[in-house]
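Colleague: In case you want the letters, here they are:
Number of protein chains: 2
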Amino acid sequence: MAEAAQEIDEALDMLLPPVEGDEARLFEAMRYATIGGGKRLRGFLVLESARQFGVGRSAALRVAAGIEMMHAYSLVHDDLPAMDDDALRRGKPTLHIAFDEATAILAGDALQANAFFAMTEDDAHADPWVRAELCRCLARAAGPRGMCGGQMLDILAELATSPLDETAIGRLQLLKTGKLIEFSAEAGAILGKAPSAQRHALAAYGREIGAAFQIADDLLDATATPDQTGKATGKDAALNKATLIGTLGLERARAHAERLVDQAQAHLAPFGERADLLRTLAQYAIERRN
Amino acid sequence: MAEAAQEIDEALDMLLPPVEGDEARLFEAMRYATIGGGKRLRGFLVLESARQFGVGRSAALRVAAGIEMMHAYSLVHDDLPAMDDDALRRGKPTLHIAFDEATAILAGDALQANAFFAMTEDDAHADPWVRAELCRCLARAAGPRGMCGGQMLDILAELATSPLDETAIGRLQLLKTGKLIEFSAEAGAILGKAPSAQRHALAAYGREIGAAFQIADDLLDATATPDQTGKATGKDAALNKATLIGTLGLERARAHAERLVDQAQAHLAPFGERADLLRTLAQYAIERRN
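Chains as they are written, first to last, in the working numbering: chain A, 3 to 292; chain B, 3 to 292.
Hints in this document: simulated from the structure, not taken from any laboratory.
No copy labels: a pair is met if it fits in one copy or bridges any two.
Capping the alpha-carbon separation at 20 angstroms, the derived lysine to aspartate or glutamate pairs in EDC-like fashion look like this:
no.	residue 1	residue 2
1	K195	D129
2	K94	D219
3	K41	E9
4	K195	E123
Required output: the full structure, derived from the provided sequences and hints.
Modeller: Laid out in structure tokens, this is it:
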């Protein structure tokens, strides 16, 4: 995973080169928010799912980098004063602290646009259907029925007088983080023009892994220190955030995540040994410490 | 143009249906920002350029609505307190006033994603190359080398100690508003899979029209009342905004806009009578009063 993260960073560096002149500040902010940080879970999923179908590395890396830009933009906007008002992210000051609020809004906006550009960049070898399908699915995962919809539910949940139940929390998390992770696992199948059964299996794997990662994130927020995670912890309880830990308690939430990992791995059965890294990733989802 | 605006509103209404449940607030905010307002210049350009090639009305309307969503998102974010801090837009309170700041950020983000979705929605009749090419060009027009880059230059110009010169202002406006207007005029040619010479002619027409509209906007800001424009006026001078009027003065700016309109019309020569509405639009660009 560290190797893949390094490759994805190089791809991001190429897609977001430092520029001269007056726009320099915008590109610097975009680079600050994306390069050199994060686990690259989404990018790794793209690379590994693409490998199942022998997709060329450079095409897979471009898509992986694009999805990481989309994820980075969502973090930048979530951290804004009007949203979660966070000062620390990936062990560094958040973008609106390191630069300013207007630049953070703008860099997030530009990263979202660039994520789509990464899906569609004109390349004589790229299949138009692949490029159009990647854009369509990315737009759905990021829009009001995906990431943005989930963030809206999250904001409303904080303001609500009664806590969300397990079903509502599951739905919130499926939208807020699950849809983009699901798409990351599916993207390799789109790149490889995989048969629909295999594409669906990878999407289902991504859905379960996404839910497991979310629970792991919530467990870390509840039990780890900022030194371990590179961001503030203990925030969910303080902000009355809707998490499964609040509803199920630590132990039952952990057991639920383990079930999700088993289910994720079951979806990989058709892929044989080639999917071993995806199996390991599923296990890592609940064992990680940062 | 009023008829086209009506049709575009209907397309937006279909693409952004009111929903039930907890996400309702996000969809309401997106609808508030897009439906029932604006001149629909960009959408009108899509429809008229598509008509040159006999493109089906429903495909052209979907693309027109998508570009209007992109434009609406840029206005919502530009109006935010950390940006231009505007309270009035299209004769209504701006989105962060009518709702709240977090919802405005989020609705803008969701509108951008939905703009791409409108370009790529799966439709058995749509050519994959068309869908991919629309996404690629929209991403470029909206990203750091387009709209977002222009907005960054605009922010920096306000903070600068010496005023921008004519060339720098032209570049700022080309990025901030010109690129998306250029793409709007080009989109019909992409939809129609037009030969490259015709596609370039329409893009060039869009570029000139965009620059002329920007000067007209600046003239209205300097000379009209909020009642006429539906937004605050006199802001450019008060905020020390970089405009051609500040550099050239009213009369020379107006003459420059007229030259741009002549050039725009010259690009339409290959299209004959079918392009008469585009010719009229060019004239309207500098004669409008709101």
